[in-house]
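Peer 1: Next come the chains, spelled out residue by residue.
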Amino acid sequence: MVSENDLLIEVKDLRKEFKVLKKNPGLAGALRSLFSRNYQIIEAIKDISFSIHQGELVGYVGPNGAGKSTTIKILCGILFPTSGIIKVAGFTPSIDRRKFAMKLGVMFGQRTQLWWDLPVSESFDLLKSIYKIEINAYRKNLEFFNDIFGLSEFWGQPVRRLSLGQRVRADLAAALIHDPNVLLLDEPTIGLDVLARSRFRELIKMVNREKKTTILLTSHDLGDIEMIVHRLILIDKGAVKYDGTLKKFLKDYGGQKNLLINFSSPPRIVRLPAGAEILNLKDNFLEIKIDTAHISYHDLLKVLPKWGNVIDIQLESDSLETILSDLYKK
Amino acid sequence: METFIKWAFKSFQRNLAYRLEYFVSIFNALLYIFIFTSVWKALFPETGTRFGMSRQLMINYAVFVTLIKTTLVKSRDLIGERVRSGEIALDLIKPFPLPLMTLADAIGSVIFQIFSRSIPLILVSVLIFHITSPAGMDSFFFLSYLLAFLIFNSILFIFGVASFYITENFPLWLLNSAGISLLSGSIIPLEILPVVVRKIALFTPYPYIFYIPTMKLLRNEYPIDYAILRQVLCLCITYGIGLAMYQAGKRRLQIQGG
Ligand SMILES: Nc1ncnc2c1ncn2[C@@H]1O[C@H](COP(=O)(O)OP(=O)(O)OP(=O)(O)O)[C@@H](O)[C@H]1O
Ligand SMILES: [Mg+2]
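Note that the protein sequences, when read in sequence, are chains V and L.
The opening position of the first sequence corresponds to residue 0 in numbering that gives the first Met the number 0, with each subsequent residue numbered one higher.
The opening position of the second sequence corresponds to residue 0 in numbering that gives the first Met the number 0, with each subsequent residue numbered one higher.
It should be emphasised that the hints constitute simulated quantities derived from the structure, not laboratory data.
Because the structure is a prediction, the values reported are computed rather than measured.
You may find that some hints are simply not true.
[As the list claims (entries may be wrong)] Example chain L residues on the side facing chain V (calculated, C-beta under 8 Å, incomplete):
| hint | residue |
| --- | --- |
| 1 | 7 |
| 2 | 20 |
| 3 | 225 |
| 4 | 226 |
| 5 | 253 |
[To be verified] To spell it out: a stretch of chain L is covered by chain V in this simulated footprint if at least three of its residues, at any positions, have a beta carbon under 8 Å from a beta carbon of chain V; those stretches are:
| hint | region |
| --- | --- |
| 6 | 9-15 |
| 7 | 135-144 |
Beta carbons: idealized from backbone N, C-alpha and C, even for Gly.
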């Protein structure tokens with residue numbers, strides 16, 4: 000099915016250091032730093048390797064400062080790596096940047112690639128000639144994005160007057176207008192309302208399915224990740240912590256489940272099984288957390304009738320959010 | 000090429016958006032002309048010459064150098080600003096070279112300024128400051144002006160790209176502004192500078208931006224081929240330095256902001 004030749008993004012032993020001038024505190028310190036060449040090395044990326052095949056849709060997650068944006072900047076060739084091998088669509092991004100820019104779509108959610116002073120329409124017109132987009136393809140794509148994001152609402156307005164969400168919608172369309180092979184999205188859903196957000200998710204899935212665009216997406220909105228991606232790469236402090244399917248991740252790390260049990264009268268709890276933990280007991284309601292590594296539902300269900308007469312059970316699995324927040328804490 | 004023209008055109012359009020800047024710059028230019036024509040009237044005798052310059056020549060100089068300056072000068076460090084905000088990332092991901100982008104941008108705005116600023120300024124100058132039609136208004140002048148524009152742009156590019164190395168390139172920018180005001184002849188012609196300073200100035204690119212084209216315009220007897228040749232040389236050097244700094248600087252560039 001997938002062969003080695005399908006490799007589209009290859010990152011091997013990537014490292015990136017930033018050299019920053021060390022500042023001394025206070026006025027005297029500030030004066031001293033004027034003359035000292037005291038550098039501090041910040042290791043933004045320690046060691047990251049992964050490879051992504053043609054047509055994959057990958058979520059790239061990690062806590063603040065993990066190195067996600069840095070990786071994306073390196074993948075699009077605007078930041079030079081300290082060491083390591085990077086190949087994207089057969090190019091080394093930092094060297095062949097301009098050639099490969101034609102096949103690349105990038106969006107940084109908190110920035111715009113449109114021209115601040117120009118109306119949205121003029122920005123797209125410029126993109127059309129920069130990327131040498133054929134007129135029919137251009138029209139078709141514009142119409143497509145207009146249906147999804149309602150660009151015509153603000154088509155004639157200068158970019159600086161758009162609301163955050165409108166600007167993000169325009170920027171998403173701009174990143175995709177030239178049908179890129181590779182799409183890198185760094186927090187693309189910043190500021191989108193619920194409707195635009197769900198349309199964004201549909202759009203990404205559709206683009207991935209129909210145009211076979213390879214997509215790498217970072218987002219702190221885990222809904223985006225849960226609903227879009229098949230594969231998850233989790234990084235922390237500049238190193239890969241998990242790389243595999245989202246399903247497996249939820250299964251492997253999401254060992255904890257919460258149960259909310261409604262008894263007909265206040266339960267009498269005898270012999271709490273190992274692996275179960277009482278979170279809350281109030282009147283007829285018992286909230287209990289079980290660690291599925293130690294105890295199965297089946298076992299728990301067997302002991303429940305001994306505590307009282309069960310009327311109702313609600314089950315809550317760990318969401319990606321709780322799993323990640325537990326992981327980030329460690 | 001299509002992109003280049005479009006870009007220049009869009010830059011032209013963008014200039015239209017800032018009306019206040021337009022009026023302020025015209026007012027500014029008139030103020031300059033007014034101040035310096037008055038100063039030269041006070042300092043230069045009505046007949047005869049000083050430092051080889053007559054009063055009428057000095058007045059014409061003040062008017063024409065200001066005209067050339069108002070059409071060429073861009074006081075904003077576009078590259079530096081975009082490096083500091085991190086927006087440079089979005090220029091660099093596009094399959095269009097940054098040096099060409101900045102050039103197209105400059106062409107758009109210089110064309111805008113030639114049409115929008117120089118015409119009212121010339122009219123006012125003829126009426127108020129009684130300038131006479133310059134002797135050297137010929138195709139050599141336009142060549143010299145074009146070269147001046149390109150040199151000026153190369154210098155801006157050099158100082159802009161310096162922000163790839165030192166993000167806070169403001170001190171360098173100040174240095175550049177000092178060079179422009181003192182050595183380029185934008186305020187006082189080189190003749191009036193002390194000999195040493197004049198000699199130093201001629202080794203910097205600055206006189207080739209304002210002094211040379213203005214002098215070409217004012218007195219045709221200036222050895223013009225020689226001057227234009229030097230402008231060409233100056234352009235090649237500054238352009239080469241800018242490009243080399245850009246190529247090497249891309250490695251150093253730390254894109255700000257996550
Ligand atoms: N230009 C820079 N100079 C110095 N340090 C930097 C620079 N850019 C990033 N860093 C550091 O590198 C690390 C990784 O930053 P990066 O922006 O990649 O994080 P991130 O994973 O995108 O975080 P977030 O989720 O907050 O966007 C951080 O510790 C940051 O402080
Ligand atoms: Mg980030």
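Peer 1: Can you list which hints this structure breaks, lowest number first?
Peer 2: As far as the earlier hints go, 1, 2, 3, 4, 7 are violated by this structure, in ascending order.
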